[in-house]
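Student: Listed below, chain by chain, are the residues.
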Amino acid sequence: MLDRHQPMFADMVPGASVGLVRREGSGIQPGKHVGGLASAGGEIPMMLWTVVDGGMVASLVQFRGLADIKVDLLLVVGDRAVGNLATASAEERMPMLKRLIRSGDVLFFVFRTKFELQDAGYEDFLDTLGLAFLGACR
Amino acid sequence: MSRPGEAKLPHLFKPGQIGAFKTKNMIKYGACCVSNYNTRDGFITPRELARTRVIAGTGAGIITNQGAYPDPLGEGKAYFRQVALFDDKFLPQFETIAQYIHDNGAVAIQQILHAGRYGGIDLGYCIQPSVVPQTLPHFRPPRELSKEGIQDIVRQHAEAAKRSIRAGFDGTEVTSFMGYLLANFNSRFTNQRTDEYGGSVENRGRFMRELIDAIKQATPEHPLVIRLNGAELMDRWGGNSEDECFELMQQAVDCGVDMISVTVGWQEAPESSIGRDIPPGHWNYLSAKAKKMFPNTLITFGNRLPDPVMANQCIADGVFDFWEVCRPLLADPELIHKAAEDRLDEVRRCIGSLNCLSRLFRDLPYTCAMNPQLGHEVEPEYQITPAAVKKKIMIIGAGPAGLEAAITARRRGHDVTIFEKSDRVGGNLHGYSTNDLARPDDLISVINYYRTMIGKLGIEVRFNTEANAKFMRSILHQFDVCIIAAGARTDLGYYRHVPGHERMVDALDVARGTAKPGKRVVMVGAGKIGLTLAESLAKQGHQVTLVEEAKSIASDVMPSFKWRHSAWVEELDIKTLTSTTLVGMDDEGALVRNNKGEETRIPADTVVVSGPRKANHDLFNDFLWMIDELHGAGDAVIPRGLDASIHEGFRIGVRI
Numbered sequence: 001m002l003d004r005h006q007p008m009f010a011d012m013v014p015g016a017s018v019g020l021v022r023r024e025g026s027g028i029q030p031g032k033h034v035g036g037l038a039s040a041g042g043e044i045p046m047m048l049w050t051v052v053d054g055g056m057v058a059s060l061v062q063f064r065g066l067a068d069i070k071v072d073l074l075l076v077v078g079d080r081a082v083g084n085l086a087t088a089s090a091e092e093r094m095p096m097l098k099r100l101i102r103s104g105d106v107l108f109f110v111f112r113t114k115f116e117l118q119d120a121g122y123e124d125f126l127d128t129l130g131l132a133f134l135g136a137c138r
Numbered sequence: 001m002s003r004p005g006e007a008k009l010p011h012l013f014k015p016g017q018i019g020a021f022k023t024k025n026m027i028k029y030g031a032c033c034v035s036n037y038n039t040r041d042g043f044i045t046p047r048e049l050a051r052t053r054v055i056a057g058t059g060a061g062i063i064t065n066q067g068a069y070p071d072p073l074g075e076g077k078a079y080f081r082q083v084a085l086f087d088d089k090f091l092p093q094f095e096t097i098a099q100y101i102h103d104n105g106a107v108a109i110q111q112i113l114h115a116g117r118y119g120g121i122d123l124g125y126c127i128q129p130s131v132v133p134q135t136l137p138h139f140r141p142p143r144e145l146s147k148e149g150i151q152d153i154v155r156q157h158a159e160a161a162k163r164s165i166r167a168g169f170d171g172t173e174v175t176s177f178m179g180y181l182l183a184n185f186n187s188r189f190t191n192q193r194t195d196e197y198g199g200s201v202e203n204r205g206r207f208m209r210e211l212i213d214a215i216k217q218a219t220p221e222h223p224l225v226i227r228l229n230g231a232e233l234m235d236r237w238g239g240n241s242e243d244e245c246f247e248l249m250q251q252a253v254d255c256g257v258d259m260i261s262v263t264v265g266w267q268e269a270p271e272s273s274i275g276r277d278i279p280p281g282h283w284n285y286l287s288a289k290a291k292k293m294f295p296n297t298l299i300t301f302g303n304r305l306p307d308p309v310m311a312n313q314c315i316a317d318g319v320f321d322f323w324e325v326c327r328p329l330l331a332d333p334e335l336i337h338k339a340a341e342d343r344l345d346e347v348r349r350c351i352g353s354l355n356c357l358s359r360l361f362r363d364l365p366y367t368c369a370m371n372p373q374l375g376h377e378v379e380p381e382y383q384i385t386p387a388a389v390k391k392k393i394m395i396i397g398a399g400p401a402g403l404e405a406a407i408t409a410r411r412r413g414h415d416v417t418i419f420e421k422s423d424r425v426g427g428n429l430h431g432y433s434t435n436d437l438a439r440p441d442d443l444i445s446v447i448n449y450y451r452t453m454i455g456k457l458g459i460e461v462r463f464n465t466e467a468n469a470k471f472m473r474s475i476l477h478q479f480d481v482c483i484i485a486a487g488a489r490t491d492l493g494y495y496r497h498v499p500g501h502e503r504m505v506d507a508l509d510v511a512r513g514t515a516k517p518g519k520r521v522v523m524v525g526a527g528k529i530g531l532t533l534a535e536s537l538a539k540q541g542h543q544v545t546l547v548e549e550a551k552s553i554a555s556d557v558m559p560s561f562k563w564r565h566s567a568w569v570e571e572l573d574i575k576t577l578t579s580t581t582l583v584g585m586d587d588e589g590a591l592v593r594n595n596k597g598e599e600t601r602i603p604a605d606t607v608v609v610s611g612p613r614k615a616n617h618d619l620f621n622d623f624l625w626m627i628d629e630l631h632g633a634g635d636a637v638i639p640r641g642l643d644a645s646i647h648e649g650f651r652i653g654v655r656i
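These protein sequences, in sequence, are chains A and B. The first sequence lines up with residues 1 to 138 when you count with this note's numbering. The second sequence lines up with residues 1 to 656 when you count with this note's numbering.
A hint or two may mislead.
Said to hold, decoys possible - The list that follows gives simulated cross-link-like pairs (lysine-lysine, DSBU-like), each with its CA atoms no further than 30 Å apart:
1) B/LYS575 x A/LYS70
2) A/LYS98 x B/LYS614
3) B/LYS216 x B/LYS392
4) B/LYS539 x A/LYS70
5) B/LYS551 x A/LYS98
6) A/LYS98 x B/LYS392
To be verified - Some but not every residue of chain B turned toward chain A, in silico, with C-beta under 7 Å:
7) PRO133
8) THR135
9) PRO137
10) HIS138
11) ARG236
12) ASN448
13) ALA550
14) SER555
15) TRP563
16) SER566
To be clear, the hints were calculated from the coordinates, so they are not data collected in a lab. The C-beta atom is built at its ideal place from N, Cα and C for all residues, glycine as well.
Isolated chain A, as found in the complex (with noise of 0.2 Å):
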């Protein structure tokens, strides 16, 4: 998927980089209460996609919390949307990110700052998975 979607991370400097948990299972989600996160405990895999020269690469680390993080962004994915995603054709896949992050199935969080972001070179890459930049009081 991510080389499919390479030109979403054309702008993205080395070393920027997208976390995803998943949500359930992890003891990481009291509930409907996303805020758990912040008080997890213990390890859990995280996939992470950091910015190399010349693309995106996935690797998989360990997940401590929230005070920890060392990501820029957080996706926090369901099971049922790991399920969906994992199924889908890779063409189909970016589209069902999309939708799953509107939905609420897909969780997302974000550890830097807007100006941070933007020098980052994240506009494409937010812009393109639908989340609002600013504030949206729509």
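Add chain B to chain A, keeping to what the hints say.
Tutor: Coordinates of chain B only, in the frame set by chain A:
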């Protein structure tokens, strides 16, 4: 009720009361957002005072002054140029505003706004009940409030309330709209505390109850309004259900608040609450529920309810007590007077373009697409004053720029004639509005407003008259001034090199209905015109593919509306090819090439081109030596859009 419209809207214009204060009608000016007109350190400026003077004169029975942050650190500060109320040094200008409001016979309410999760705009952090990371990059990383911090904030609110009353305000308002600190405590999404301020609804409401108690004790004789969500629209993020929202309202009622302002949504909610895509009256059920549950507490409401006639009926039906209105009064500060005088056809409606908010979130002062004077009230150059020299003015084009220039110049005493090549007013806005999926009625209202005003002001419009050099020679020396407001056209010449270019259809012709596309359409250009038309065609059952040279779609769309187009494109299953150029057309369809050089054939019956756009500049050269003054306005200068056209038309009209 001496004015003719008041009798037609008797529920809206009947007198009311809040606490010990009588109101002349049942209309409350809501604090809206903040203007961003003030100094960076929280002092009110002459620009703000001039705007507030206009607001005070809107005719509302209650006027709420924009939210002030109550803490010296600025943790509660949400906007770059928000006003502060943490010290007596700010009082003189608040006194002036309270005086303006009283001079107009209204009850003056000061809002206290601690932005919580959306605050700390000058700091490297914001404060919240719990550390819940941001979902919008505009806002600051969170820090958890200590219990001591909570008590400090409660005290700061009470002190700010006392200060408001000392400045001459009659009451205060605390707001949770739209996701500010109060909402952060109330909501399950942002309140994850395990102490007495978190957990159950009862505990989450503790901060609110303490806030109400402290303000009521500090200002016992003065009403307190609280703005609370009827719906957060944050359910998917683990926010409060509607039932929980109403449980929290019950707590506020039990604490003795004088009025509840029912609101909808958070900044980061994934759905619209006040945009043009929400039909007026959509959220009324929340207010009706609040009125039913709390019959002895005043309820005020106005989210996406811009129409005084609807508001009058809502009051009659017991949906709410006071109509809370803000943006419609930014678009037309005379709205209430026009309603009272039975001149509703002259109202310049808020069209929900959200120009105001799009600018706030870029740390700019807010402006209004429909009201070019908003934010410029302090500037004599923006006032409509009698012209020193009365001139004969000809305006080429009856689109928004030409029409705005015409009515502004006419109000100043000039003699104005409009020359329009088609048989109706509105220009390209006509075709655009009829294809707008959000709410065509809003954009059509712009055309209706201008049509009404040119009639009432006696402006002559010569339809079916194309202005060109020959025509100009025929009327030589009959006019002193010419304003070219002939709009922009699709630049079909841009595709001259493309094989088969003669098959292209102009998007503006499709929008006007003068060209009928086939079942399968390729729309070249995914700016606002291409998108709007593509969405409209897809909704009518056409199979549409968007082809855009740029990396992304909607590059000229208002930031607060961009996401909506993105969602429609997906919902309507419109295939989108970005970084892609049209390279050929034939009987079978379109040939396109992406930025990797890969070519794709898209089967299509019709290839419609919506961009680039080209200003109708030609007339400037043609007329240069034929008239004393020659000016341009709107898309005829540079293709932009409705707000630039209206603003530029006004600026020309007010200065000639």
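Student: Look at each hint and say if it fits the structure.
Tutor: Structure-based check of all given hints:
no., hint, verdict
1, B/LYS575 x A/LYS70, "violated, 36 Å"
2, A/LYS98 x B/LYS614, "violated, 34 Å"
3, B/LYS216 x B/LYS392, "violated, 61 Å"
4, B/LYS539 x A/LYS70, "violated, 44 Å"
5, B/LYS551 x A/LYS98, "holds, 17 Å"
6, A/LYS98 x B/LYS392, "violated, 56 Å"
7, PRO133, "holds, 4 Å"
8, THR135, "holds, 6 Å"
9, PRO137, "holds, 4 Å"
10, HIS138, "holds, 5 Å"
11, ARG236, "holds, 2 Å"
12, ASN448, "violated, 25 Å"
13, ALA550, "violated, 10 Å"
14, SER555, "violated, 10 Å"
15, TRP563, "holds, 6 Å"
16, SER566, "holds, 5 Å"
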